[in-house]
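S.K.: Chains as they are written, first to last, in the working numbering: chain B, 1 to 110; chain Z, 1001 to 1114.
Treat the hints as calculated values from the structure; they're not laboratory data. Take these hints with a grain of salt, some might be off.
Said to hold, decoys possible - Computed cross-link-like contacts, BS3-like style, restricted to lysine-lysine with a CA-CA straight-line distance of at most 25 Å:
#1 B:22 <-> B:58
#2 B:102 <-> Z:1057
#3 Z:1078 <-> B:42
#4 B:102 <-> B:37
#5 B:22 <-> B:109
#6 B:22 <-> B:102
#7 B:42 <-> Z:1011
#8 B:42 <-> B:102
#9 B:57 <-> B:71
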Amino acid sequence: GENVEQHPSTLSVQEGDSAVIKCTYSDSASNYFPWYKQELGKGPQLIIDIRSNVGEKKDQRIAVTLNKTAKHFSLHITETQPEDSAVYFCAAPGEGNLIFGKGTKLSVKP
Amino acid sequence: GAGVSQSPRYKVAKRGQDVALRCDPISGHVSLFWYQQALGQGPEFLTYFQNEAQLDKSGLPSDRFFAERPEGSVSTLKIQRTQQEDSAVYLCASSHSDREYGYTFGSGTRLTVV
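One chain only, chain B, in its complex shape (with noise of 0.2 Å):
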């Protein structure tokens, strides 16, 4: 089955700087990749996704890459605000469901 890897689990910059989170997967079928944002006490939010047949997509401040031969997808968040602090999770599908890493605690110092 999926199994997916993902670090750092933290990362602490300045506000204004980047943050880079990458993951890696097994399964080589696997066609969808979400991050998701988890905020204390709420349940995890779809910030951005990318599918197999392209390579980078962007969403204002965040991006996401996707290297279907080495089977690695990254986070790329740009001109850090504190409000990004959070835990970020990547996911990709297992049998019928996400199968999510184990998160990176991302800190924006002010």
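Please build the complex by placing chain Z on the supplied structure of chain B, with the hints as guidance.
M.R.: Just chain Z, lined up with the frame of chain B:
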């Protein structure tokens, strides 16, 4: 409704008690998922419904866990004879159709077994 609603938000149970957690998905969403999230971990799959049919329950950790969605909308996750290791946040998610992975999650129910 506008989002996925879960109740209660917090539940404290004495070891051995039975609990029932409710999920009200987005109206019209066909697929409904239950996940368990331990502290500091990612969500882990428990079970999946397509309408009223439970198509996958491979993630349920023991036969003390039971889920139902009798009319294809509201779902209940029941845990019998709770144990301390059941303490976690239980998340419900729904999506518009089968194999559509853009899940919308509820805020979860935090279960603490004492």
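S.K.: Does each hint fit the structure? Answer for all of them.
M.R.: We went through each hint and held it up to the structure:
no. : hint             : in the structure
1   : B:22 <-> B:58    : holds, 16 Å
2   : B:102 <-> Z:1057 : holds, 21 Å
3   : Z:1078 <-> B:42  : holds, 21 Å
4   : B:102 <-> B:37   : holds, 12 Å
5   : B:22 <-> B:109   : holds, 21 Å
6   : B:22 <-> B:102   : holds, 12 Å
7   : B:42 <-> Z:1011  : holds, 16 Å
8   : B:42 <-> B:102   : holds, 16 Å
9   : B:57 <-> B:71    : holds, 16 Å
The earlier numbered hints are all upheld by this structure, with none contradicted.
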